[in-house]
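Based on the hints, put chain B in the right spot on chain A.
Protein chains: 2
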Amino acid sequence: MSEHDTFLAQAHDLLGERGLTQDPELVTPWLTDWRGRFTGRALALASPASTEEVAALVRLCATHGVPIVPQGGNSGMSGGATPDESGTTLLLSLRRMNKVRRFNLAAREITCDAGYVLQTLHETAAAEGLRFPLTLGGKGSATVGGLISTNAGGSQVLRHGSMRAQVLGLEAVLADGSIFNSLEHLKKDNRGFDLKQVLIGSEGTLGIVTAATLRLVPAIAERAVLWIGLAHIRDARRLLLQAEEMAADALEAFEVLPKHSLEAVLAYSPNARAPLGHAHEWHALIELVADRAAAERLPALAQELLESAFEQGLVEDAAIAQNEAQAEAFWALREEISPAERAIGPAMQHDISVPVARMANFVAEAVPEVERAFPGTRGIAFGHLGDGNVHFHVLAPEGARRGEWEAGEGKQVSAFVHDLVTSWHGSISAEHGIGQLKRDELVRLGDPVQLAMMQRIKQALDPQGLLNPGKLMPPSPHKLAPPGATA
Amino acid sequence: MSEHDTFLAQAHDLLGERGLTQDPELVTPWLTDWRGRFTGRALALASPASTEEVAALVRLCATHGVPIVPQGGNSGMSGGATPDESGTTLLLSLRRMNKVRRFNLAAREITCDAGYVLQTLHETAAAEGLRFPLTLGGKGSATVGGLISTNAGGSQVLRHGSMRAQVLGLEAVLADGSIFNSLEHLKKDNRGFDLKQVLIGSEGTLGIVTAATLRLVPAIAERAVLWIGLAHIRDARRLLLQAEEMAADALEAFEVLPKHSLEAVLAYSPNARAPLGHAHEWHALIELVADRAAAERLPALAQELLESAFEQGLVEDAAIAQNEAQAEAFWALREEISPAERAIGPAMQHDISVPVARMANFVAEAVPEVERAFPGTRGIAFGHLGDGNVHFHVLAPEGARRGEWEAGEGKQVSAFVHDLVTSWHGSISAEHGIGQLKRDELVRLGDPVQLAMMQRIKQALDPQGLLNPGKLMPPSPHKLAPPGATA
Numbered sequence: 009m010s011e012h013d014t015f016l017a018q019a020h021d022l023l024g025e026r027g028l029t030q031d032p033e034l035v036t037p038w039l040t041d042w043r044g045r046f047t048g049r050a051l052a053l054a055s056p057a058s059t060e061e062v063a064a065l066v067r068l069c070a071t072h073g074v075p076i077v078p079q080g081g082n083s084g085m086s087g088g089a090t091p092d093e094s095g096t097t098l099l100l101s102l103r104r105m106n107k108v109r110r111f112n113l114a115a116r117e118i119t120c121d122a123g124y125v126l127q128t129l130h131e132t133a134a135a136e137g138l139r140f141p142l143t144l145g146g147k148g149s150a151t152v153g154g155l156i157s158t159n160a161g162g163s164q165v166l167r168h169g170s171m172r173a174q175v176l177g178l179e180a181v182l183a184d185g186s187i188f189n190s191l192e193h194l195k196k197d198n199r200g201f202d203l204k205q206v207l208i209g210s211e212g213t214l215g216i217v218t219a220a221t222l223r224l225v226p227a228i229a230e231r232a233v234l235w236i237g238l239a240h241i242r243d244a245r246r247l248l249l250q251a252e253e254m255a256a257d258a259l260e261a262f263e264v265l266p267k268h269s270l271e272a273v274l275a276y277s278p279n280a281r282a283p284l285g286h287a288h289e290w291h292a293l294i295e296l297v298a299d300r301a302a303a304e305r306l307p308a309l310a311q312e313l314l315e316s317a318f319e320q321g322l323v324e325d326a327a328i329a330q331n332e333a334q335a336e337a338f339w340a341l342r343e344e345i346s347p348a349e350r351a352i353g354p355a356m357q358h359d360i361s362v363p364v365a366r367m368a369n370f371v372a373e374a375v376p377e378v379e380r381a382f383p384g385t386r387g388i389a390f391g392h393l394g395d396g397n398v399h400f401h402v403l404a405p406e407g408a409r410r411g412e413w414e415a416g417e418g419k420q421v422s423a424f425v426h427d428l429v430t431s432w433h434g435s436i437s438a439e440h441g442i443g444q445l446k447r448d449e450l451v452r453l454g455d456p457v458q459l460a461m462m463q464r465i466k467q468a469l470d471p472q473g474l475l476n477p478g479k480l481m482p483p484s485p486h487k488l489a490p491p492g493a494t495a
Numbered sequence: 009m010s011e012h013d014t015f016l017a018q019a020h021d022l023l024g025e026r027g028l029t030q031d032p033e034l035v036t037p038w039l040t041d042w043r044g045r046f047t048g049r050a051l052a053l054a055s056p057a058s059t060e061e062v063a064a065l066v067r068l069c070a071t072h073g074v075p076i077v078p079q080g081g082n083s084g085m086s087g088g089a090t091p092d093e094s095g096t097t098l099l100l101s102l103r104r105m106n107k108v109r110r111f112n113l114a115a116r117e118i119t120c121d122a123g124y125v126l127q128t129l130h131e132t133a134a135a136e137g138l139r140f141p142l143t144l145g146g147k148g149s150a151t152v153g154g155l156i157s158t159n160a161g162g163s164q165v166l167r168h169g170s171m172r173a174q175v176l177g178l179e180a181v182l183a184d185g186s187i188f189n190s191l192e193h194l195k196k197d198n199r200g201f202d203l204k205q206v207l208i209g210s211e212g213t214l215g216i217v218t219a220a221t222l223r224l225v226p227a228i229a230e231r232a233v234l235w236i237g238l239a240h241i242r243d244a245r246r247l248l249l250q251a252e253e254m255a256a257d258a259l260e261a262f263e264v265l266p267k268h269s270l271e272a273v274l275a276y277s278p279n280a281r282a283p284l285g286h287a288h289e290w291h292a293l294i295e296l297v298a299d300r301a302a303a304e305r306l307p308a309l310a311q312e313l314l315e316s317a318f319e320q321g322l323v324e325d326a327a328i329a330q331n332e333a334q335a336e337a338f339w340a341l342r343e344e345i346s347p348a349e350r351a352i353g354p355a356m357q358h359d360i361s362v363p364v365a366r367m368a369n370f371v372a373e374a375v376p377e378v379e380r381a382f383p384g385t386r387g388i389a390f391g392h393l394g395d396g397n398v399h400f401h402v403l404a405p406e407g408a409r410r411g412e413w414e415a416g417e418g419k420q421v422s423a424f425v426h427d428l429v430t431s432w433h434g435s436i437s438a439e440h441g442i443g444q445l446k447r448d449e450l451v452r453l454g455d456p457v458q459l460a461m462m463q464r465i466k467q468a469l470d471p472q473g474l475l476n477p478g479k480l481m482p483p484s485p486h487k488l489a490p491p492g493a494t495a
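If you read the protein sequences in the order shown, they are chains A and B. Residue 9 is where the first sequence starts when you use my numbering, and the numbers rise one by one after that. Residue 9 is where the second sequence starts when you use my numbering, and the numbers rise one by one after that.
No lab work stands behind these hints: they were computed from the structure. Take these hints with a grain of salt, some might be off.
[As the list claims (entries may be wrong)] Here are a few chain B residues that face chain A, going by a calculated C-beta distance under 8 Å:
1) Gln30
2) Leu34
3) Thr158
4) Phe188
5) Gly200
6) Phe201
7) Ala301
8) Ser361
9) Pro363
10) Asp395
11) Gly434
12) Ser437
[What the hints assert, rightly or not] Output of the computed footprint for chain A on chain B, the stretches with three or more beta carbons under 8 Å from beta carbons of chain A:
13) 101 to 113
14) 126 to 133
Ideal Cβ positions, reconstructed from N, Cα and C, are used throughout, including at glycine.
This is chain A alone, in the form it adopts within the complex (with noise of 0.2 Å):
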């Protein structure tokens, strides 16, 4: 019996026939990424039912030597989730891993396994008069355990913070099959380093995340979506400023479009509608929300900043949804950028973040560097403005082949992207993570201080390399920058 045999065949005894599997039709769907990028093999797919079962197994693979890629909904953007082509590691999925263990109302914090889906979190949540403030797009697929690994964002960062915000309690099975458990929440608890912060976003490769107790908030009563007519990005700032000063916390969602991505919207979905009579450069997309208690005066709210933005000229036009269809109709402009832009032709996309401050700047310098560096591809940057996080897309010239042109010049243009956000201190990950995707280009231009820290902590709690290899770290011990080595 070869060592993977015997590894094998001591899984299955562990985990039973649901827990193990090697069956191709079982186990290839999991093997390609979301987008369809990478495309790996596995040893097998293991799919524990408890932490008990994950400890036992992954004390196993240490035995054995057997890595483990963690996976939760399989819907990562960065191929984070994916094994390699070695056809070595061991697929773990944390799907069967689906309960809520604990629901305190008064506290409003909910304990659930890694697998929980966050569509049903929402469904969960909103049965109780509660919400669970974070939504992306793959929410009927993407599970705690996989928000967590990844530190997840989406559209509500602005006024409730990324995933890490929401984490009030974390369980994780570490490297050597030990269980860190800190899933009561304690609002203060100075007893030494934060571990779970170091889990938090760490993409599997320090541990796997579990369960976690989750912080909710009170479900929204009523909400004001504005959609604005912009002459500038530069506008769209200043408009973010007031918004923050005057409707504060109210202010849960602040996106941009740019003309171009509502022209793609309107021309590929059948059913989109320009809220505006006349076409404007770019696009405010603007969310304020109540909770009961505030409900009353957020009509009123809305109406005050449109005026005072009007009053300021910060806006050319602008229009309050009148209904909860319409409120929808506003958001799915924005939302199918992404399907829209992929109809047009090949293009190389760049989730990326400066200091809130500068991103109108960014934006307003970047395009026209990155289109004047390669003659007829265009620069189109839209999204999270008040996260200063936007989707910086650049769409190829007319006539390049897909498939082709992404792996030429594409290549190229992400690298000039990732040159030009590193030179305005930002970052070339705001969101999606690093993955397989962005692993070289995180060596390439991270701190290397920084980088070094991250390998130090890597080997001191995986010694083995064991857990998601191949991910987010570089492959080999990253060099320590020479003393005094400055960021």
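What follows is chain B alone, placed relative to chain A:
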């Protein structure tokens, strides 16, 4: 020349006359902690003037194997900034680094050196119509670096969170003298581990904080301070839930005081007046605040909250401060508890937390349990009920001798209280940190998996063990828990 002499000569060359001293008059005041519990010795007192000087000094220390004790305002509660008695460590003060580096009004962000004093930060923010939403007793001396290294708390954590929640960016010198720099605030950044989180609250054992970017919030335009008489601590819990429901983000503080504490303050402080006509077993001190936009509605909100609490029979009596002087007087009653109790006699003080929902029950059960176990003692719990954090003081039996009792029965009392808190899944250090005061208790009661993780991270980032030795971390490598051990 001895190794120490060589080191001192080189350090002197590096830092100059103002930057390095062995003069006992200058050094001695900093060798005893604020509460006078710990006194140590030091090779010298270094006061570098810049991050680069700190980095060069740390490299020098690494070369010569000289341990470093970083120190801010020396107002910590757990001896974390006091050197041991060996006389071989360098005391490194950050107080000379006390400048604002950048103040971004529109973004409400301030970047300042580690030695910037909290009180000055408050004044700087207030001058621009903003505020820094964290305060505590030692604000006249506490520094930004110390607040970050200890993840300081205070009475505004309920709404704004601990120091961790205020830190948008961080700069620190690591054990090898390299400079970690993430001062630039990116609202979204998923380029791997959030390394600044590892440094926050690590009490100088992983790096020396040299600067930080902090968030500011709008200034308070209006506040309502309520003093409420209650029959039982469990009514305080219900009142807290009611206040959270009705006041939401306006709820700035929720403190509780038992009858004994109020009586102690009234006996101790000649200017103190009882806010209510009759005696009550418990009191709640509630502060509601509003910025300019919400100021108008605040008095009505305070009134409604009280009415609803009366209707539900939660409250025996209540007063709303009629002016700023009265509001200050209410708060003074809370702030003078500690000196008032010290005047009574010896006591053991415990800074503890349990899950917020269980704190009222904990107090109701733990006080009689301690008093039964140690006849003649008196248990007093007061403080931040809204954070699940109380200061749990146990007063010595009458006639106990100061100094003697604390070292004898007092020690047993503390172990008993810590055991009790641990069995309630709470923390033996809610906001004061571990330092040298609670290090052995952390080793005794801490989760072995978490202690092992901390030890491994410490070993990875400070392999020579030069940063604040003897604090927080157990003195020798803590054994990793056997695989599969759970918390």
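Comparing the hints with the structure gives:
1. Gln30: Interface hint status for glutamine 30 of chain B: violated (26 Å vs cutoff 8 Å).
2. Leu34: 28 Å, violated
3. Thr158: Nearest chain A Cβ about 7 Å off; hint holds.
4. Phe188: 6 Å, holds
5. Gly200: 5 Å, holds
6. Phe201: 5 Å, holds
7. Ala301: 6 Å, holds
8. Ser361: 5 Å, holds
9. Pro363: Holds, because the Cβ-Cβ distance from proline 363 of chain B to chain A comes to roughly 6 Å (cut-off 8 Å).
10. Asp395: 5 Å, holds
11. Gly434: Check passed: Cβ of glycine 434 of chain B comes within 7 Å of chain A, closer than 8 Å.
12. Ser437: Serine 437 of chain B check passes; min Cβ-Cβ to chain A is 5 Å, inside 8 Å.
13. 101 to 113: It is violated: at least three residues are needed, and the region 101 to 113 of chain B offers just 1 whose Cβ sits closer than 8 Å to chain A.
14. 126 to 133: Check failed, 0 qualifying residues.
Of the numbered hints given earlier, the model fails hints 1, 2, 13, 14; all others are met.
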